[in-house]
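J.: Since the structure of chain A is already known, use the hints to place chain B on it.
Next come the chains, spelled out residue by residue.
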Amino acid sequence: MASYSRARLKDLANSAKSATELPPKLQRLRYMRRDLQKDDSVFPTELLPHLFDLLSDQFGAVRKFVAEILGEIGLKYVELIPEIVPLLIKSLEDETPAVARQVIACGADLFRSTLERVAVQGLHSSELNDLLESSWTWLIKFKDEICSVAFKQGNSGVKLCAMKFVEALILLYTPHEGIEADFNISILRGGHPVLKIGDLSIEASQKLGLLLDQLRHPAAKSLNSSTIIVLINSLSSVAKKRPAYCGRILPVLLSLDPLSFLKGVYAAATNLALKTVFLSCLKCTHPAAAPDRLTSALKEIEGGGQAAKAKDLFYKTNGSIQDKDSVEDTKVSVEENPLCASSDVAESNLSRKRSGSEYNIDLNGDASDGKRARITPSVSEESTDGLNGNDGVSLPRVASTSTGPSDSRGVSDSGPAQQLVGLFGTLVSQGEKAIGSLEILISSISADLLTDVVMANMHNIPPNCSSYADGTDELVMNMCIVGSDAQIKYPPSFVAGVLSLSTAFPPIAALINPHNEDEEVYSVHVDQQMFPAEDARTPPGLLATCDTSFPENEESNTVSPQNVHYIGNRESGIPGLESSAQHDGSGALVTNVLSSTNVEAASKNQNASFSGKLLVDVIPSMSVDKLEEFSPKAVGTVASASQFVLPKISAPVVDLSDEEKDSLQKLVFLRIVEAYKQISMSGGSQLRFSLLAHLGVEFPSELDPWKILQEHVLSDYLNHEGHELTVRVLYRLYGEAEAEQDFFSSTTAASAYESFLLTVAEALRDSFPPSDKSLSKLLGDSPHLPKSVLMLLESFCCPGSGEVEKDLQHGDRVTQGLSAVWSLILMRPGIRNDCLNIALQSAVHHLEEIRMKAIRLVANKLYSLSFITEQIEEFAKDRLFSVVSDDCDKMDLDLKSPPNKPQHSISGMSMETPSEATSSSTSVTEAQRCLSLYFALCTKVLRIFTILRLMTNLVFNIYKNASDPVKQAIHLQIPILVRTMGSSSELLKIIADPPSGSDNLLIQVLQTLTEGPTPSSELILTIRKLFDTRIKDVEILFPILPFLPRDDVLRIFPHMVNLPMEKFQVALSRVLQGSSQSGPVLSPSEALIAIHSIDPARDGIPLKQVTDACNTCFAQRQTFTQQVLAGVLNQLVQQIPLPMLFMRTVLQAIGAFPALSDFILEILSRLVSKQIWKYPKLWVGFLKCTQTTQPQSYKVLLQLPPLQLGNALTKIPALRAPLTAHASQPEIQSSLPRSTLAVLGLVPDSQGTQTSQVQANETQTSQEQQQQQASEPQQTSQSQQVSVPLSHSQVDHQEPSQVVASQSQSSPIGTVQSAMSQSQNSPIDTGRSEMSQSQNSPIDTGRSEMSQSQNSPIDTGRSEMSQSQNSPIDTGRSEMSESQSSPIGQSQSSPIGTGQSDMSQTPQVSDSSAPEPTSHTRTSDPQASSQTLRDDDEKIDDTATSENEVTEIEKSKESSEEEEEEEEEEE
Amino acid sequence: MRFRYAMVCSSNQNRSMEAHALLKRQGLDVASYGTGSHVKLPGPSLREPNVYDFGTPYKQMFDELRRKDPELYKRNGILQMIKRNLSVKLAPQRWQDNAGDGVFDVVMTFEEKVFDSVLEDLNNREQSLTKTILVMNLEVKDNHEEAAIGGRLALELCQEIEGNETWEDTIDDIVAGFEKQHRRKLVYSISFY
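Chains as they are written, first to last, in full-length UniProt numbering: chain A, 1 to 1467; chain B, 1 to 193.
If we strip away everything but chain A, and leave its shape as in the complex, we get:
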């Protein structure tokens, strides 16, 4: 069997060798391998050469396979290893990487198995057999070869495997915990013939170091990412499996930043590997795992999520695995981690220099920490000894304290610190060689740990230090020498480090300079001095140390000899204080010191001695920081100073009286404060300010430290960083006040706070210009603003009148205050309301300047802040309302003609009488004071139209109830508002529906609106509509008059005339002026004609108004020139009937322009031809006119028919004589008819004249009567006339009222008439009967006109028929009917209207001359006025009368069938 297989194997080997193709070769080899695995017998040694031959086969695959087989053989037949391994070693350099990799893989297997064998064999015997030994030797060689591959520079796949091999090696060489199936090196005991566990561990550690070195920065750069990944993975697996190495591995991994030397994909791969490692390390419970750093590193890699998970993971695993360890223990271990990590870092940094020490420290760490000792089983005594033996460096004291297990238990409470002390000791003992390492070590230790180390070192301080107190001068010198020497070679920071070290570690110091015992002693002394000594001195008082230094300044008599000595000592030691010593008892110590040439030194010393020492007393905990801050030199001086103090310190006990103490304290404080002047100059005052503030709090309050501080602050606010100091002080005080320790201290602090802040604020106000920002900055930065400060602020913003005059800069002051308020509102929600109130109060300040500033702030800045918008609005509204209510109150109090006021406001926007204006002038400003804020806000919310509309509406509503001053104020304000709004739709809405009573305001608004360019058509439309529907006051149309169409203007002309003359003037000028675009609306002549066409009775306008209007026109001679007048007269004279005021105008024209007289005469003669005597009123005027124009008018007079001539002469008797004289001229007399001459008495026909005179009289009276009667029907007709032709909406409204009015009018008049003339029952009847009686009756004409105007052409025809055909009016009527086509035109030129007004007017014209008509007019005038009055009343009352009603009324009135028919027809 065996032989068969041997033969077969040989065959296979041979055939494999001889085969030329790869597949058959591999095939054979596979068979061979299978056979070999099957075979348990002794290996056929003769096969080996064949295999060795195959190992150099041409095919890589074959070589690889053979190597694999050889490896298997080696595993199986140990005795063959010495033969196989050399060949394998050779194959390591095979050109095919796969072969080399295979060789390494084989090597790993072989190595492991052999190691196990060796170890196991060594357990049982003290000697190994030769074979195994030689195998082992070969394998060691093999191992070294592979390791050299692993640590070779460069990248290759082989290297990856080699590194893996190294990893395996490390794991094999180090003991591990737990009962794993794996081989554990810990089975080795002392006395193993070959293997020494210590050696193995060292080797493992070295190899690990080499691996780590590859990852360190410069080396890592040359690696590719696969190598790095494998390295990382290997290291992590080592770290996981041998947690003791965590401390070495993790720092390297953590500090690895692949991004710095790899890019893109490589970095990503590496990062990923790192991440995996860290995550897996987090599961590790070993204290060196540094979970915190791992998490943060993970965070860096991952950016969050994973790290959180990681942390959870950490805690979970720790919690679950550490069954024994309490949570506290975990914490401890966490705390220790930084130490371990950093020490490892330091140590590994050192490793190149001192190869042995790292391991030592590792062991130290393991041994001293109980927990870690558990994880890594402590190495046996023996091996430790061996280690120490190996270690080249001997550590006499430190090593013995920390390595020994018994010792380590002793110091276990402060283990890490103690170790560090040891480490320091070791390093220091090496002298300058180790300086670099020391530096690294110091820099890598955290402050906390350093403190611990220092504290730990305290134990080492010899207790009897005071005995070394002498020989001090030398010490200082030595210190300096050491320092300066060092400075030459090393950076100052290091010198500082060494110095502080040497002061902190007496044993170390001793090691540095064993011969220099003084120094060590000195430093010990310092330590003791710093802490225990000062503690001992605290009880006597805060200023105990100061006590010793200052008594002689104030009260030299109390100085004890010891003190003098002490001072002397100081003098010699600290040059800066020389002056203070020299000026003993002068009392001006501080200034002297400061003024001395050594200012810098002095201040430094002060720093050192005061802030250093005094404050050490106050805050013991701060002393360390404080001292750390100082430069080495400062430390030195402090140290030396205290060093001098010590031996003498027990002596000075001085009894001081309370006052003395107080003054001393005060002086001290002063001096400290003075010192701050230097501090602030040299910078770095931030920390010290806090100290000063604290000092102030601790200072006895009765000494008023705050005043001193204030003086300091204010003496030079800017240079002393007054703001910063003040804020510090304030915060300190505030904290004190809020701390609520007890009532007394907190209230004291609160009041101190308040007064401090207030004083500073006031001082700032007084000493800085208002433009300075310090104050507002202070207010902004203070922790809290008490009432008094707010009041100060208020006095800025709302100064009383007295203050204002005093302070010339009050304007800027207000700005300053307001800007402070503004920033406070923005920054401090807590006092926002208070500040806002200040601003608002200021916004209603009585001085306009202040008010405007505040309003600007409120409206522009504050109002836009949403959180206070409402408040501001409320306030403004409140003010607005308050104006109204205040006013009402005032009026009630005044009792000053309350009914008078509304009348005023209705009567228009003309301001009150002067007297009233003055009386209310104050209240106008008052009103404005309250209103301007609201209006300012209104303009601000323009963008939000709805709000604006509401606000504007509010203004309108307020206006309604407001008193005059308020109204005035509103009038002053509203244009701005309106201008900003423009004619927006919102405003138009308000205009379209104004609250009642706000007409004047409305007018003002409109005026403002139309001030600018042409108003929009919507605006005009709105106004017109408003005028048509709601507001009858024609004034609202004024602003748009120039823009109205001509017809509209003519239509409203009567309303204009009805206004007071000034207003009419305004309106007239507007109309005449027109707009710039469209030119004048009316020409002067048109205007004048329009005036004339007003019928006082019909239009309800007092005659007086019309005449006044005429007068107004005449007054404007530039406009109404001679030509204009001539044209007007020319037109008027053609009207039928003639306008009532025609003759008056003619008379006026003559008066105004005498040159017109010829023209007038022509007019007169035309009037004669028009039978002017038929218009009684005009007739009087005509006669008057002829009288004025005589003698030229004689010719006209003579043209009159005899009857009328007679009448004229009767009326104006003065004419008779001159006229007769004129007529008696032969040539004239001859041309005159006889009858005329008879009237003149030139021809004897006295009787005829008489009768004619009588007749004339009779006619006149009857006419007068009839006129009265006729006026009534005419009234009716007028109303009808108006109602019928007008088709506007206005008519709908007016018609019924007018008709009703006429109805109510007519009945009483009717009765009067019936009383006057019994025969005539109805006025219309009268009219008609008159018509039939005498065709000449003017009323008749009116009547017929009336019927004609009733739109019935038939009717017209009929009435014309009924009239005499030759009636001169006939022509006029035909004109009329022509003009009837236009309704407005008709109303304008309505002959009836004119006729009627003529009738009522005539007496007035003749007022001055004819007494009789005057009396008549007197009777008729009141009637007319009463009519108009009633008209007004009725309008209001019975506007709702329907048309049917009207018809009925008319029917009842008009009895004639014809008329009824007319009505029917009309309907």
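The hints are simulated quantities; they were obtained by calculation from the structure and are not laboratory data. Cβ coordinates follow ideal geometry from the N, Cα and C atoms, glycine included. Some hints here could point you the wrong way.
Unchecked claim - Okay, derived cross-link-like pairs now, DSSO-like style, lysine-lysine, Cα gap no bigger than 30 Å in a straight line:
hint	chain 1	residue 1	chain 2	residue 2
1	A	275	B	131
2	B	24	B	83
3	B	74	B	141
4	B	113	A	241
5	A	299	B	141
As the list claims (entries may be wrong) - Pair by pair, the computed Cβ-Cβ distance ranges are:
hint	chain 1	residue 1	chain 2	residue 2	range
6	B	101	A	34	17 to 27 Å
7	A	30	B	26	22 to 32 Å
8	B	49	A	187	45 to 55 Å
9	A	90	B	98	32 to 42 Å
10	B	100	A	30	14 to 24 Å
11	A	23	B	80	38 to 48 Å
12	A	14	B	25	32 to 42 Å
T.: For chain B alone, coordinates are given in the frame of chain A:
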């Protein structure tokens, strides 16, 4: 050089099987695995997935799903997918449970979570062979379309690796080239058997 490949996704259904099928067709030595705890397939709603144990034959899943709701599973492509799978191999395999499958040279994963699981598993195994294994992750969304794309990319990548004598020396260039060409991130790691 013939390498052994493993395609790994979470359920060994979609992405890994797509790649498996493709690579197999191209004659590569390939296996496929999932790393999840169960095989999860979409169900009628998000909260009712179909859950199977690894090792459940694809045929069985196919029959079950077809019985449950043929319409639904046809519409969402599950049935077609499983049909494809059952032509490739018998049942889904779990990576962690199949360490005995032998030594792979290259493992492709299609999700970072899977990648991590594979690495963790490899690290937890006893590494005594000193044999490298390349683990690469190519992010592929778990839907049919993306899986098809991912499969093609995996094939391309594996062919590239196959073309080299040893990937250990060239992997950086291969990965860089792949990233540049396809603008897809590729992460890899190296572990040992």
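J.: For every hint, state whether the structure bears it out.
T.: Hints and how they fare:
1. A:275 to B:131: holds, 23 Å
2. B:24 to B:83: holds, 16 Å
3. B:74 to B:141: Given pair residue 74 of chain B, residue 141 of chain B holds - Cα atoms ~20 Å apart, limit 30 Å.
4. B:113 to A:241: holds, 24 Å
5. A:299 to B:141: Given that 30 Å is the threshold and the Cα spacing comes to 26 Å, the pair holds.
6. B:101 to A:34: 17 to 27 Å: holds, 20 Å
7. A:30 to B:26: 22 to 32 Å: For residue 26 of chain B against residue 30 of chain A, whose Cβ atoms are near 26 Å apart, the range 22 to 32 Å holds.
8. B:49 to A:187: 45 to 55 Å: holds, 52 Å
9. A:90 to B:98: 32 to 42 Å: holds, 38 Å
10. B:100 to A:30: 14 to 24 Å: Hint holds: Cβ distance 21 Å, inside 14 to 24 Å.
11. A:23 to B:80: 38 to 48 Å: holds, 40 Å
12. A:14 to B:25: 32 to 42 Å: holds, 41 Å
In this structure, none of the earlier numbered hints is contradicted; all agree with it.
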